[in-house]
Each structure stands twice: as structure tokens, then as C-alpha cells.
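Protein chains: 2
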Amino acid sequence: MAQLIADRRDVDFVLHEQFEVAELAKNDRFSEFNRKTVDLIITEARNLAIKEILPLQKISDSPGCVFDAGEVKVPEPYHKVYKTYCDGQWLAMSDSPEWGGQGMPTSVGLAANEYFYGACNSFMLFNMLTHGAARLVESFGTKEQKDQVLKNMYSGKWAGTMLLTEPEAGSDVGALTSVAKRNPDGTYSITGSKIFISGGEQDMVENIIHPTLARIEGAPAGTRGISLFLVPKYRIKPDGSPGEFNDVVCTGIEHKMGLHGNATCSLTLGGKGECIGTLIGEENKGMAAMFQMMNEARQMVGLQGFANATASYMYALDYARQRIQTKHMTDPPEAGPAAIIRHPDVRRQLMIMKSMVDGMRSLIYFNGMVQDRHKLSDSPEEKERLRNLEEVLTPIIKGYITDKAFEVCSHGVQVYGGYGYIEEYPVAQLLRDCRIFQIYEGTNGIQSIDLIGRKMGMKKGAAFMAFLEEIRKTIDMAKGIEAVKPLAENLEKLFNTYTETAAILGKAAGSDKVLDAFAFSHPFLESTGDLCMAWMLLWRAAIAAPKIGQKKKDDAFYNGQVTTARFFINTQLPITAGRLTAIQVMDGAAVAMEDAGFGG
Amino acid sequence: MAQLIADRRDVDFVLHEQFEVAELAKNDRFSEFNRKTVDLIITEARNLAIKEILPLQKISDSPGCVFDAGEVKVPEPYHKVYKTYCDGQWLAMSDSPEWGGQGMPTSVGLAANEYFYGACNSFMLFNMLTHGAARLVESFGTKEQKDQVLKNMYSGKWAGTMLLTEPEAGSDVGALTSVAKRNPDGTYSITGSKIFISGGEQDMVENIIHPTLARIEGAPAGTRGISLFLVPKYRIKPDGSPGEFNDVVCTGIEHKMGLHGNATCSLTLGGKGECIGTLIGEENKGMAAMFQMMNEARQMVGLQGFANATASYMYALDYARQRIQTKHMTDPPEAGPAAIIRHPDVRRQLMIMKSMVDGMRSLIYFNGMVQDRHKLSDSPEEKERLRNLEEVLTPIIKGYITDKAFEVCSHGVQVYGGYGYIEEYPVAQLLRDCRIFQIYEGTNGIQSIDLIGRKMGMKKGAAFMAFLEEIRKTIDMAKGIEAVKPLAENLEKLFNTYTETAAILGKAAGSDKVLDAFAFSHPFLESTGDLCMAWMLLWRAAIAAPKIGQKKKDDAFYNGQVTTARFFINTQLPITAGRLTAIQVMDGAAVAMEDAGFGG
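In the order they appear, the protein sequences are chains A and B. Under UniProt numbering, the letters of the first sequence match residues 1 to 600, in that order. Under UniProt numbering, the letters of the second sequence match residues 1 to 600, in that order.
Just to be clear, a hint being listed does not mean it is correct.
To be verified - Simulated crosslink set (DSS-like; lysine-lysine; CA at most 27 Å straight-line): (1) A/K513 to B/K327; (2) A/K327 to B/K459; (3) B/K327 to A/K285; (4) A/K485 to B/K513; (5) A/K327 to B/K327.
Hints are computed from structural coordinates only; laboratory data are not their basis.
With the rest of the complex left out, here is chain A (with noise of 0.2 Å):
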């Protein structure tokens, strides 16, 4: 039978070949998790999507979550699901068992989110943003928030969200309006209203955590003025169960393009003055903590957009194996119609979507091992390389994957022909629940002006040089492999182009032509992603290559490998090193133009 959502051949090599995760549980701290442990994990965790989660995507997109009277009422089948899915302690993967976590890897925990997100993302949503809000609360909150909240957050027993934008605050948060306004008891009186809340009024749990972002009464404007609240939907009773309702009321869910499985709630708190919050960190300190939920977000709406990919990849290639359409160019006059991934179009369209999404998967696991080598190390030197590292992957994963992963689920449509028009097929859906990941969690312009922003002069530039070596070292150790010399070397002149623009790039964006420089961040971000497509193909084919001959049953994946490399380094790259040309030469036209002269 045809795969759904991922390719476990795929996902098994670049967690064993690739990245060897095994080998985390030489340590004590990841000891459970040998290979077979892995293996076990990631054939649940697709269980579990297959048979359980990926029924739920129809039924997400219509009826999906319905409003009545403030609540909101997710899709009758979830409920039963979501039971299993938290019964099977799949929400803290790798979190820390203190609070109910599994504590495994997070590349490996990363694996198994592929197949949930990419079987039902709606319904993942609300998993994301409760994961998220929970780890927010383990890093700043009190010890008395992190005992009311924490295990009923990791065991989904209790939802949770991250109230940050509001009408006039969407791209910049310091705008916000909401109010906190101290209460003698030490707690906070909230008034304010939240619109695009995700997940923000649902019926499948018994209390949801709102992070909200508000400003102290009396406090600066701006940023420098947010303080962080937990805001629960029912205060929490001493005994910790849910009591009184807290005044945060759903007043609408908005009529999306795709993803109607998550509900996006406009919610207004302390309408009637009875919505009551605790500070989580320190007052006026609220952005620096709601950074860390937005990055660990951000890296999750790069998966969520590459398991969208994934999925379509896995559909159009099934059916361009099984339709049955035109004859072949080449086949004999007589010969009948050709399955369609025959067809050189069709192949090229597959080749994008084969590499795209294969460079996704290594370079999300990536990240995932990143983090993971850092909860391992002992230096401090090495985990501030980690970090950094990761810091700058973030923009990257949201940005790029997110655009390219709307890209690929395009083909899949495209490669389904007609039919990938019809909401009966499910690419469609793919396709319309994937263009909001481009936009939440800052939109990928912004993700582009982190990069070149933050990221490239972070820590003196230690933190982009410590990326760039990555990708030399992938460049050095491919080229001692004859069979993807040439590739390497082609992508060794990419990369030298790359830097030569970075640098060119980063010194405008210091000078007088700063906006003409940030006119050009996007592109350069897609250029940034290009290279680390290349990078990881490269690094698969470097892998895959010398296995070709050894086994039979593997050779067609390990070509498979070495020829993706090939399409995307030697076919693709050309496009990218196009780009870096147009950024060098950095003409101003976008920045001169007058307003008027866009005419309306």
C-alpha cells in the first residue's frame, strides 16, 4: 500500500543515517532511547496518525469548530481522539518527566509530530499551543504557578494559548492595549481584547492557560512595557481544580480560508472586571518570555508547514503512479496511456516537491539535534555554539519551509490535475490549511528581518559563522566522497557566493542604504534556505552514496538520494545563485519608488 503523511524509509534514514539519534542514548540522560526504542516510538506515533488523527482532517475542514453563544465546539470526533492522543502521553514528548514528560529526544519526538501534524494539523494546533504555553510556564513561571498548571497542561488534561495580538497589534506586539492593573492581593485585574486567538475557546478540556500579554498600569509604552499573565479561562481552586469562570469570553471564532478544525477566537477579558492573572517573570519583562513560547512556536509552524508538505508529496506521488493519462513521449506509436509520473513534467514537479520536502525533514531534525546535544553538553562554550545555531535555523524553518512547503502543496494540486481542485481529494485542504503558517508566529517578512536584523550580527556574528561552518564541514566531508565530488564542488561555489552577499548585504543594512538592504530580505532568506536544502541533500547523498551496491532492496532509495541531490544542486541552485546576483547588485528601485507612483 501507498504511504501516507511521511516515508518512513525517509524519516528512518535521517534519524539513523543521517543524524544517528541512537546515539544520544549513550548518554544517561536519553538512555532509554536505543534505536529500538526509537523505532517503536515513531511506528506508534504513526499508528496512532494513520489510524486515529488522519480521520479527523476532513471533518476539521467541514463542519470544523463551530460558535454558539460563546463556546466553541470542536468537531464531535475529535473528542475521542484527543483522549487517545493524550492517554498516550504523546503532548510532553520531550519534556521533562518531573511534569509528566516522556523525555525523549527531540529529534525523535520532532519525527513523531511529522506524522500527527502532517495527518491533522487543526487538531494538532490546539496540542501546539498548549505544549507551548506549558514550556512557558516551566521556564518562568513560579513554583506555585508550575505546580497549579503543569502536569494538567503536559497531560492535556488543560489546554493552552498565547494571548498576544489584538486589532491594532498584530506584526507589532508593542502596541498592545490591554491593561493589568495590580490588585492588593498581588494578583492582576486584565482588561483587553485578543483577536487570532488559536485554540481559544474549545470544549475538550476542562480549563485552558492564556499567557496574555498586557501593560501594567503606570508602565512604558512600547515593548519595554508588556509584562506576561497566566490567565486561566477558570481560576484554579486551591485544590487545583477549576473554579470560577474568569471572565474570558469568546465573542466570535473568524471564517477562515483553511484550517476551520482550530477555532481562531476573538476573546475580550475582564468585560465584566472579573478577569483575574498572576505574573509570570518580572513585571515589564513579558516580551523577553513571550520570545521564548514565539521561537519555540515558530519552529513548530516550520513543521507544521513541512508536514503539510510531506503529506501532499505523499499523495501526488501515489497518484501519479496509479492515473493513467496520454501516452509517454518516447513509448512506441501503439502503446497505450502512461501512468503520469512517466510524464518529464510530472517528474520535474515530483523532483521539487521530493527534494523540498527531503531537505525539510533533515534540516527540522537538525534543529531537533541541535537541541538535543545541547541539553547533553557540559561546555558552556558549546551549548552558546548550540544555541546560536539554533537561533538562527528559527527564521529559516518558520520562513523558508513555510513559503516552500505552500509551494509543494501547489504541485500536489497541480500534480493531481482536476481533481486537485476538488475538496473530495485532499490536497486542496493541504493546500488552504497551509497558506496561514506564511503569517502566524510573525509573518516571514519578519522572519527575513530577523535574519539579517538579529540573527547575522548576533554575538558579533558568532552565531550566523557558527551556521556557515556547519555547512563547510557537510561541503569538506562530501568532497571526500568521489561519487558527489562534483556536487559538493558545485555547491562549494553556491556557498562561497552566499557568504561574499552575505557580507555585502550585512554591511548595507549598516549603512544609509539600510532600507534598500531590507528590501532584499526576503529574498535573502530564501536564498538562506535554498543553501540549507542543498546542504542537506548534499549531506544525504554523501551518506547514501557509498551504500549504493550493498543491498539490493536499498539501492533505488540510496540513487534516490544522490539523484535528489543532483536535481536540486545542479537544476535548482543555478535559480539561487540568480538571486544572490540580484541582491549584490541591491538596486534601490523598491525603496525609490514613490507612493504614489503604485498608482490605485
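Based on these hints, arrange chain B on the given structure of chain A.
Okay, now just chain B, sitting in the frame of chain A:
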């Protein structure tokens, strides 16, 4: 007030300054259509589009068309607008007065249609198909057939469709299995099932004419055995009025990603053995006739995509001017938040949108002018040259413009941020509706194959040479204008690389590298389209540049033309150059990939 759908100043610029359509009025055939009349037509079209058709857009999406027991109900407000549209004779703007057409230049009709389609593509698709079907009958029908249907169709009293696709015959029309059986009276009894029939059933008209492809019993397999029939929904009585039901049964409509306001029907013909058709043209020559209709339809699909793109650009531009968010990077610290149009990455997106929309408009109207000149020319050589040009432009207009229209609409969503994903705002629907244009009337993969497989070699390359010659003329003209000379020179370099690449690709397509070549047909189509955009933008800039400084109120517009050309040529064309490099390298990875290597 912000402009809706299209930028009128730019429409006028292309009609009157770039292509001087009013010059056509010097010829008898178009003598009525002087500048004043043309302007009046566009103004009327714009009013009708904005006041009547645009209000249909939301309801076209939801609830859209509804199927009930064999009948399709269009959204109720369609009926009144349809009457107004038909009363204004807008359906047959450029058709012969003999059959009720207005006889205006095609280029002018396209400008009016830009407004209509941009206002509501779902509604207009009904009319597009009626027009295409009528043209088909006009070109290939007998006098009796024309008398029976043409006036009714061009007036919109009756509708038309196009019955090609069957479940196993999508891209491969030749695989169709519908059967026509000769009757003693010269008519044919048709049986078969058709799917994906846009407007196949509806309730705005008293009859529907279905040009239908079927195979006469005993005819050869494949496309050589296909004949075309005129199949009415209701048989036509001797007095010309609709008579008894002709056994064309709508069995359902598709639930699609977009374009809900046009019913995509499954039709069963002759289920009771009572479907009668008459032959259009000769037996077994149906494909050639249908190709004429498809060519018109392909050009119109390009217009459909463009119309969504221009509407999305107008909305995004207006939003970017209104939406205040985040301090501008080079404003002083105390400055408040700025309109997002000032932020460099938003500008970059608006520049991409504008350059695309402007280039598309010029290319589409240019193609209209080519057809107008064809009508006016007495010279067989010139007529042939113009027909060739249209042949080459068709896959570019269909394939490239619809691909880029989807990208433009996606930028429209991105500029809106989170609001872009909400269906309350107009850009999400434009994106969803737009996605089908890349698929129907021949997928864009097929367009790219048409370009390199048919059009490049057509008339021993004369058609393609005529196309290149037009671009060359514009470059030479622009090189003579100091202000745009550097841009012309940059485009010339790309043009030379392009022609080299075309030669390499053409040679490969005729060699044993044929499959590799066709794996690059789509990148070549994309590069060809990029070249056309640059060509048109340079042309615009060359006309605009000398006018700068003449009238103060026009300066922003003319400067905008030059800046847009500069943006596209200096920022986007380097990417095209990279893609051309990849085509020249022509790495065979996509073809070399083993099927099993794709995984799954």
C-alpha cells in the same frame, strides 16, 4: 477613493499610450471606436463591474451554486445582473454585428473584460464559455446551425459550454469514449459521460448549447477519430424556440476549492437514448475545431488569472496605505507607527505585484492588438505573421500569467497579514478562485509542452522568430531613449541568453535528450514569460520616460513606470538568468530518477 479591480490610469496608459488603440479607428472596420468612444466603453464597463458585478463576488463564493435534483441554481442575485449585462450587449463586444456583436476591437473588449472578470470570475465564466461556444459555431457551423443559435448565444439569451473532459480523458482528450451514432435523418444520437463541465447546467438562460466531443461509431481511436457536435439542452423547434428536453442530465456539481459561483457539472448524455446532436464541421475533425475554441479559452483563462491578480493588487495596495503598524526603520525613535506601505519588505511585495500586473496587462492587450491588426490587414504575409504571434503568445498568456497570478494573489494575502486569511476580506477568495486557472484548459505543464513542442518549431520556426523579433524591436527602440538605455541593455543581455537557451533546448528536444528537454519545458515557459514581462515593462518605461516633467500631475505615474521596469529588470531578471543557466546545463536528474527512488 481607492480604485477597485484595476487601475484606470494604467488601463488608459496601455490602451492609448502604449498601443494607441484609437489609431485603429482610422480603418473603416473600427471607425466608430475613436478615443472618446473607447474611453466611454471602459467607463461603462467599469461602472457595471463595480456597481453590479462586484457585489456578486461574496455570494458567488458562499453559498455559490447549488445542485438540487438535476438542476443548478446560481446565486439568486446573478439573475438581475445577468440581464443587465446581456442588455448592455457586453457578451459579444468584439464580435460581428451580423450576429448581434458590437464589433469593437478585441484589445478594447479585453480592457472591459479585465473589469468584469476582476469583479466576479465565477459569474463571468458562464459568459466566457457562452462566447467561446458561439465563436466555435460561427467558425465551423453550417448556416442552419448559425441561424439556430448564434444570435441567441451572443445576446446571452442562451448559454454555451464545452464538453470535452471525461473521467479517463482529461489532459488526454483523445481517450474519450462518448459515442455518436448516425441517425437516418443526418443527426447523431449521443451517449456518454462528461465531467468538469463549467456552467454545464444553470438557471439564467432558456437553453444551453453544448459543443460536444464524441466518437462516431467505427471512427479511429485517439484524436483522429473525434468529431464535434452541437448538442442543445433543449431541442430547437423549427421556430427557433427551445422544445423538448434533449436528455442532457446534470448528475452533480463539484465541491471545489474556489470558483463556487460557477457550477462544475457532471453530465450524462443520452442516458435514455434521447440525446440528439448535429455535426459541427467534418466527421473526425472535431479536435481541430475544438482547438480554436480552446485557444480562445486559453487566452481568456490568462485574462481570468490576470483579473484576479489586478484586483488583489488594488486591494493590497489600498490596505498597505491604510494599515498602520510598526515604526518605520529609519524614522526617529519618537515616531509613531507607519503605514505598512513604507516598510521595505511590503514594498518589495507590492513591486512584485505591480510589475507582474502591469506586465500582464500589457501582454494581454498586446495580444488583443495582434488580433485586431490581423482583422485589418490585407497582406497574407502580415496576417500569417500576426496569427503566428498569437499562437506563440497563447501558451505564455495561459501558462505563465496564471502561474504568476496565483503568486500575485498569494502576495495579496501576505500583505494583509492575518486578515488575508480571513474570508471576510477579499484577497483569500481571489487566491482560492485563482488556483484552477493553472489547471483547466490544459494544465500549465501542457502549455509549456505546447510552447517548446509545437510553437517553437511551428512554420519552421517562423512563428517563434516573429515573437523574438517583436521583443528585439522594443529593445532597439528603448536603447534610443537615454533614460531607459541601461535597462534596455540589461534586457538585451538576458534576451541573448534566452535565445541561446531556446536554441539549446530546441536542439535537445529533437535529439535523444528529448525527455531531459521536456523536463525543462516549464522552466522555459517561466523564463519566456519573465522575458515578456520585462519586454512590456521596458516598452512602458520607454514611452513614459520622455513624458516625465511635462505635467506635474503625471510625474508620479510616469516615474512609476520607469521604476517598475527598473525593479523587474534589475531585481527579477537575474533570477531568470539563473533559470536559463539551469536549462542550458539541462541536468537529467528528473528523468534519470528511478521510479522507486521517489519513495512512498
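The hints, checked one at a time:
1. A/K513 to B/K327: Satisfied, since the Cα-Cα distance of roughly 18 Å is no more than 27 Å.
2. A/K327 to B/K459: holds, 25 Å
3. B/K327 to A/K285: Answer holds: B/K327 to A/K285 is near 21 Å, not above 27 Å.
4. A/K485 to B/K513: Status holds; Cα separation ~25 Å.
5. A/K327 to B/K327: violated, 58 Å
Hint 5 from the earlier list is the only one contradicted by this structure; the remaining hints agree with it.
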